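Sequences listed follow chains A and B, in order.
According to the working numbering, the first sequence is numbered sequentially starting from 4.
According to the working numbering, the second sequence is numbered sequentially starting from 4.
Please note: incorrect hints may appear among the correct ones.
Since the list gives no way to pick one copy over another, a pair counts as held whenever it fits inside one copy or between any two copies.
[What the hints assert, rightly or not] Simulated crosslink set (DSS-like; lysine-lysine; CA at most 25 Å straight-line):
{"hint": "1", "residue 1": "510", "residue 2": "439"}
{"hint": "2", "residue 1": "204", "residue 2": "61"}
{"hint": "3", "residue 1": "61", "residue 2": "439"}
{"hint": "4", "residue 1": "489", "residue 2": "61"}
{"hint": "5", "residue 1": "489", "residue 2": "67"}
{"hint": "6", "residue 1": "18", "residue 2": "232"}
{"hint": "7", "residue 1": "246", "residue 2": "232"}
{"hint": "8", "residue 1": "282", "residue 2": "489"}
{"hint": "9", "residue 1": "120", "residue 2": "510"}
{"hint": "10", "residue 1": "439", "residue 2": "67"}
{"hint": "11", "residue 1": "141", "residue 2": "331"}
{"hint": "12", "residue 1": "409", "residue 2": "61"}
{"hint": "13", "residue 1": "290", "residue 2": "141"}
{"hint": "14", "residue 1": "331", "residue 2": "120"}
{"hint": "15", "residue 1": "290", "residue 2": "439"}
{"hint": "16", "residue 1": "314", "residue 2": "141"}
{"hint": "17", "residue 1": "510", "residue 2": "18"}
{"hint": "18", "residue 1": "204", "residue 2": "510"}
{"hint": "19", "residue 1": "282", "residue 2": "232"}
It is worth saying that the hints were derived from the structure and are not from the lab.
Values in this document were obtained by computation on a predicted structure and should not be read as measured data.
Protein chains: 2
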Amino acid sequence: MLTGKNYIGNTLSSKGEITFKTFNPETNRENDVVYSEASDQEIQQAVNLATSAFASYKNLGGIKKAEFLNAIADEIEALGDELIQTYCSETGLPEGRAQGERGRTVFQLRSFAAMVKEGSWVEAAIDTAILDRQPIPKTDLRKMLVPLGPVVVFGASNFPLAYSTAGGDTAAALAAGCPVIVKSHPMHAGTGELVASAIHKAAEKTGMPDGVFSNLNSSGIHVGIELVKHPSIKGVGFTGSIKAGRALFNLASQREEPIPVFAEMGSVNPVILLPEAAKERGVDLAKTYAGSITLGSGQFCTNPGLILGIKNNDFSQFIDSLSDEILKIDPTCMLHPNIIGNYEKNKALVASQPGITVKADFENDVDVNYGRQTILTVEGATFLENSVLHQEVFGPYSLVVQCESKEQLAEIINNLEGQLTGTILAEENELSGNQKVIDALQNRVGRIIYNGVPTGVEVCPSMQHGGPYPASTDSRFTSVGIHSVKRWVRPMSFQSWPDALLPDALKNENPLKISRLINNISTSDSI
Amino acid sequence: MLTGKNYIGNTLSSKGEITFKTFNPETNRENDVVYSEASDQEIQQAVNLATSAFASYKNLGGIKKAEFLNAIADEIEALGDELIQTYCSETGLPEGRAQGERGRTVFQLRSFAAMVKEGSWVEAAIDTAILDRQPIPKTDLRKMLVPLGPVVVFGASNFPLAYSTAGGDTAAALAAGCPVIVKSHPMHAGTGELVASAIHKAAEKTGMPDGVFSNLNSSGIHVGIELVKHPSIKGVGFTGSIKAGRALFNLASQREEPIPVFAEMGSVNPVILLPEAAKERGVDLAKTYAGSITLGSGQFCTNPGLILGIKNNDFSQFIDSLSDEILKIDPTCMLHPNIIGNYEKNKALVASQPGITVKADFENDVDVNYGRQTILTVEGATFLENSVLHQEVFGPYSLVVQCESKEQLAEIINNLEGQLTGTILAEENELSGNQKVIDALQNRVGRIIYNGVPTGVEVCPSMQHGGPYPASTDSRFTSVGIHSVKRWVRPMSFQSWPDALLPDALKNENPLKISRLINNISTSDSI
Chain A
4 MLTGKNYIGN TLSSKGEITF KTFNPETNRE NDVVYSEASD QEIQQAVNLA
54 TSAFASYKNL GGIKKAEFLN AIADEIEALG DELIQTYCSE TGLPEGRAQG
104 ERGRTVFQLR SFAAMVKEGS WVEAAIDTAI LDRQPIPKTD LRKMLVPLGP
154 VVVFGASNFP LAYSTAGGDT AAALAAGCPV IVKSHPMHAG TGELVASAIH
204 KAAEKTGMPD GVFSNLNSSG IHVGIELVKH PSIKGVGFTG SIKAGRALFN
254 LASQREEPIP VFAEMGSVNP VILLPEAAKE RGVDLAKTYA GSITLGSGQF
304 CTNPGLILGI KNNDFSQFID SLSDEILKID PTCMLHPNII GNYEKNKALV
354 ASQPGITVKA DFENDVDVNY GRQTILTVEG ATFLENSVLH QEVFGPYSLV
404 VQCESKEQLA EIINNLEGQL TGTILAEENE LSGNQKVIDA LQNRVGRIIY
454 NGVPTGVEVC PSMQHGGPYP ASTDSRFTSV GIHSVKRWVR PMSFQSWPDA
504 LLPDALKNEN PLKISRLINN ISTSDSI
Chain B
4 MLTGKNYIGN TLSSKGEITF KTFNPETNRE NDVVYSEASD QEIQQAVNLA
54 TSAFASYKNL GGIKKAEFLN AIADEIEALG DELIQTYCSE TGLPEGRAQG
104 ERGRTVFQLR SFAAMVKEGS WVEAAIDTAI LDRQPIPKTD LRKMLVPLGP
154 VVVFGASNFP LAYSTAGGDT AAALAAGCPV IVKSHPMHAG TGELVASAIH
204 KAAEKTGMPD GVFSNLNSSG IHVGIELVKH PSIKGVGFTG SIKAGRALFN
254 LASQREEPIP VFAEMGSVNP VILLPEAAKE RGVDLAKTYA GSITLGSGQF
304 CTNPGLILGI KNNDFSQFID SLSDEILKID PTCMLHPNII GNYEKNKALV
354 ASQPGITVKA DFENDVDVNY GRQTILTVEG ATFLENSVLH QEVFGPYSLV
404 VQCESKEQLA EIINNLEGQL TGTILAEENE LSGNQKVIDA LQNRVGRIIY
454 NGVPTGVEVC PSMQHGGPYP ASTDSRFTSV GIHSVKRWVR PMSFQSWPDA
504 LLPDALKNEN PLKISRLINN ISTSDSI
């Protein structure tokens with residue numbers, strides 16, 4: 004049962020005066036539940052609770068944290084059909100997608116649970132004392148990762164489950180030992196409340212301190228700003244637009260004590276189609292890419308929004324096939340009238356630029372809030388000159404760039420903004436002749452794909468989701484996979500500390516049986 | 004032979020109009036060599052060279068990079084007595100310190116050489132494909148750390164060798180695969196030029212690309228600002244004051260493409276003397292701390308500038324002993340008239356605050372530029388109220404705070420700014436009764452020491468040198484030890500990439516024989 008209230012730690016609360024509703028883009032109507040935006044007092048209460056929860060939560064062992072994370076996964080599953088229906092009613096996305104995203108969400112939670120239960124993730128390093136070293140003795144020094152403190156997670160519009168309330172950012176932060184305050188996304192506040200209720204139940208069942216998690220409703224930017232500015236907040240996770248992510252980054256950088264902001268933002272995910280592949284497989288690739296561009300109405304951060312090739316007959320044929328194939332696909336509902344409004348506006352802006360040709364634009368009647376897929380083309384020289392064409396158009400859209408030469412292609416890549424992904428579509432024998440293009444692409448991306456599609460972000464340790472700015476604000480971290488925990492921790496050294504008082508991860512006997520670096524050798528042995 | 008010129012890659016260059024000299028604080032005279040500040044044109048040339056060097060240097064194998072780093076160490080040693088004499092003439096520090104710091108510098112270079120030669124530092128992670136997975140196949144994904152790009156390193160006034168031209172920041176960045184441009188510190192431009200000449204020789208001998216290293220002279224802030232603002236620069240390393248470090252951080256955050264700045268800045272390194280230890284060992288500890296406070300004229304970032312205890316007779320006795328002992332020590336020369344000028348000014352500012360008592364102040368005649376050691380005391384309540392007292396006074400100085408109670412002590416720690424280190428001086432039996440104080444201290448520091456002194460920063464993997472702001476701008480990284488390489492790298496994933504074209508670290512056969520995470524299991528096996 005949705006209440007429309009905030010979770011201030013364990014307490015449902017609605018003291019604020021601002022209210023709002025979510026919107027069903029399929030029915031084009033508001034949903035019924037009235038949500039109460041968190042008041043300044045509620046924000047302060049949530050931060051105070053998180054700060055006091057940190058004192059005990061930071062010292063909790065991996066087994067207890069794993070219980071909590073697994074219990075969250077269980078409770079999310081136990082929400083059953085109500086979660087799926089609420090999700091669909093707030094996003095216009097189909098049930099299958101809701102179920103898939105729920106599966107991804109609980110998988111992430113359980114992956115982090117397994118990681119903290121095993122325990123080696125703290126990167127324990129020990130250098131033992133050498134008391135007779137000349138000219139001065141070497142003291143005993145032991146290092147491990149410790150949590151930063153309470154952090155804020157912003158829900159993402161396009162992933163109501165996997166990158167929102169109990170999504171990757173939250174799971175990673177809770178695994179790290181950081182209490183989390185979620186700034187719920189207004190478009191799916193109901194989904195957020197249900198998931199928050201699951202976290203709340205899991206926290207109670209596993210004996211977590213009150214305040215380890217709070218969920219704050221918000222209709223605008225005020226709640227997020229207050230949270231990021233609060234001196235007790237020590238880190239921020241965000242998934243969304245460049246404009247909003249950069250604003251949060253600026254705010255955090257300007258604090259008296261700057262804090263890290265990991266914002267995963269915009270990306271056009273360039274795809275380079277090399278000539279041999281265009282010749283051999285152009286038609287097949289066109290079909291594959293028509294599917295990738297329209298997947299989930301193009302509302303993925305890894306949507307291929309830019310396709311580059313060398314101008315010739317094969318590439319022209321590819322463009323024709325892509326345009327034909329994409330028009331065969333039925334448009335689908337987008338997340339919200341604001342999202343489709345921005346899509347139409349941004350697409351029109353690109354289409355109005357000099358030198359742009361509209362190759363495909365779905366023209367049949369569609370339901371309201373359904374996104375019409377579009378393929379535009381432009382010459383390489385024109386693309387180079389006009390940075391408007393470089394910008395992400397969030398939706399089922401791709402811009403195809405016809406380059407004059409390999410050299411122009413490399414120049415375009417070198418001048419691209421940072422990207423989450425880059426893809427090379429090639430025959431294996433033409434890779435060696437295009438090393439400059441590949442090298443250039445590697446410098447601009449977090450993940451480089453060979454003969455695949457960028458959509459589909461596997462949750463596994465070797466996934467890098469993040470990249471040079473503006474793909475993310477700090478390319479040194481990923482937001483997907485267990486290594487994303489590193490955003491929320493810092494190393495701390497204990498010098499000459501009594502063994503009995505050290506954290507278990509650093510004790511001589513290695514009670515957790517974890518892998519440690521002892522005198523620069525990796526081992527699971529005791530000392 | 005010193006030339007006073009900049010190293011723009013392999014080329015000695017002096018096109019600028021601004022010149023300056025270094026200063027010998029022992030003789031209180033300028034040194035002879037005239038240094039030429041890098042012009043805007045030279046800055047641009049250095050960045051261009053670094054950018055083109057990156058294209059090949061980033062792909063260099065660990066064995067080649069190790070040769071380069073070891074050759075730098077060899078060439079620094081081959082500079083022999085000229086380096087030591089130049090160092091001493093620019094710092095007022097004694098020969099023994101120069102030799103020790105040279106030893107630390109070459110040890111760091113060789114540690115990074117060993118790390119890149121071994122190769123596992125790239126944190127290779129591989130998830131192999133599962134082509135028959137339902138509902139969609141799992142693709143092959145492989146991740147490793149890759150260098151950010153050209154970075155800028157600012158020389159530190161207090162470590163002309165170990166944290167300047169070929170110091171920890173430079174060694175870590177070169178190990179990572181990042182070309183380095185050093186903004187040389189004006190106080191020791193000669194030492195910097197000699198070390199740059201050693202790097203230059205090493206680069207030539209080992210066949211490194213021109214531009215992998217440049218050394219730019221500067222007398223003020225212009226050169227540093229231009230470098231940090233340059234779009235081709237991808238990271239910044241800095242050791243120095245909070246004011247300068249924060250200015251660089253702000254500049255880097257405000258760029259169109261923000262870049263990471265790792266600034267290791269101010270710290271007062273609080274030392275907590277618990278009552279039993281004060282009673283049992285107060286006199287001995289006073290002697291030890293008199294030495295730690297005056298070591299190197301107090302010009303270490305880990306100098307114990309704040310000592311806290313509970314007001315009682317034993318603590319008063321400690322303060323008396325500390326004051327007596329510190330006055331027995333002969334003052335030594337400080338780095339530069341500006342440094343001693345700031346020391347006297349900052350000390351006077353604290354001494355003039357209400358409630359401050361001067362317990363010891365060296366009053367005998369000293370040579371010009373010699374720092375007089377000073378111990379001040381204050382009550383806990385007064386300290387809490389006045390943030391002027393929290394600030395670092397760089398020099399042989401410590402402020403002793405007499406707290407009313409354990410609770411007040413914990414409150415003071417909770418309200419302290421972030422610190423590089425915190426020290427607990429205690430008998431083992433009194434630790435359990437002071438858990439709140441210890442917990443509070445852990446939240447504020449990067450390294451916590453039991454019954455030792457904070458001075459002495461061991462170069463080893465388990466050292467964390469860095470801490471919550473303002474100890475450093477990003478507590479998630481260290482600036483000392485091989486793990487400091489993580490500041491200059493980002494993870495990158497290769498999806499479905501042909502084995503032959505993968506970097507060696509990610510190839511099936513594991514030709515480097517490194518430790519890798521394969522399907523979430525750590526192993527050195529091939530696939």
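Against the structure, the hints:
1. Taking the shortest alpha-carbon separations for residue 510 and residue 439, only the inter-copy value of 21 Å comes in at or below 25 Å, while the best intra-copy value is 50 Å.
2. Taking CA atoms no more than 25 Å apart as the test, residue 204 paired with residue 61 passes inside one copy only; the shortest distance there is 20 Å, against 49 Å between copies.
3. Taking the shortest alpha-carbon separations for residue 61 and residue 439, only the inter-copy value of 14 Å comes in at or below 25 Å, while the best intra-copy value is 47 Å.
4. With identical chains, the CA atoms of residue 489 and residue 61 are at most 25 Å apart both within one copy (15 Å) and between copies (24 Å).
5. Within a single copy, residue 489 and residue 67 get their C-alpha atoms as close as 20 Å, which meets the 25 Å cut-off; across copies the closest is 30 Å, which misses it.
6. With identical chains, the CA atoms of residue 18 and residue 232 are at most 25 Å apart within one copy only, with a shortest distance of 21 Å there and 46 Å across copies.
7. Proximity of residue 246 and residue 232 under a CA criterion of 25 Å is satisfied in both settings, with 18 Å inside one chain copy and 21 Å between copies.
8. Taking the shortest alpha-carbon separations for residue 282 and residue 489, neither the intra-copy value of 44 Å nor the inter-copy value of 43 Å comes in at or below 25 Å.
9. Taking the closest pair of Cα atoms, residue 120 and residue 510 come within 25 Å of each other only inside a single copy of the chain (17 Å); across copies the shortest separation is 30 Å, beyond that limit.
10. Taking the shortest Cα distances, residue 439 and residue 67 sit within 25 Å of each other only across copies (22 Å), while inside one copy they are farther apart (50 Å).
11. Taking CA atoms no more than 25 Å apart as the test, residue 141 paired with residue 331 passes in neither setting, with 71 Å inside one copy and 27 Å between copies.
12. For the homomeric pair residue 409 and residue 61, the shortest alpha-carbon distance between copies (22 Å) is at most 25 Å, but the shortest distance inside one copy (53 Å) is not.
13. Taking the closest pair of Cα atoms, residue 290 and residue 141 come within 25 Å of each other only across two copies (20 Å); inside a single copy the shortest separation is 64 Å, beyond that limit.
14. With identical chains, the CA atoms of residue 331 and residue 120 are never at most 25 Å apart, being 49 Å at best within one copy and 54 Å at best between copies.
15. Within a single copy, residue 290 and residue 439 get their C-alpha atoms no closer than 28 Å, and across copies no closer than 63 Å, so neither meets the 25 Å cut-off.
16. In the homo-oligomer, the alpha carbons of residue 314 and residue 141 never lie at most 25 Å apart, since the shortest distance is 65 Å inside one protomer and 33 Å across protomers.
17. Taking the shortest Cα distances, residue 510 and residue 18 never come within 25 Å of each other, neither inside one copy (47 Å) nor across copies (58 Å).
18. Within a single copy, residue 204 and residue 510 get their C-alpha atoms no closer than 34 Å, and across copies no closer than 45 Å, so neither meets the 25 Å cut-off.
19. With identical chains, the CA atoms of residue 282 and residue 232 are never at most 25 Å apart, being 54 Å at best within one copy and 44 Å at best between copies.
In terms of the numbered hints stated before, the structure departs from hints 8, 11, 14, 15, 16, 17, 18 and 19, listed from lowest to highest.
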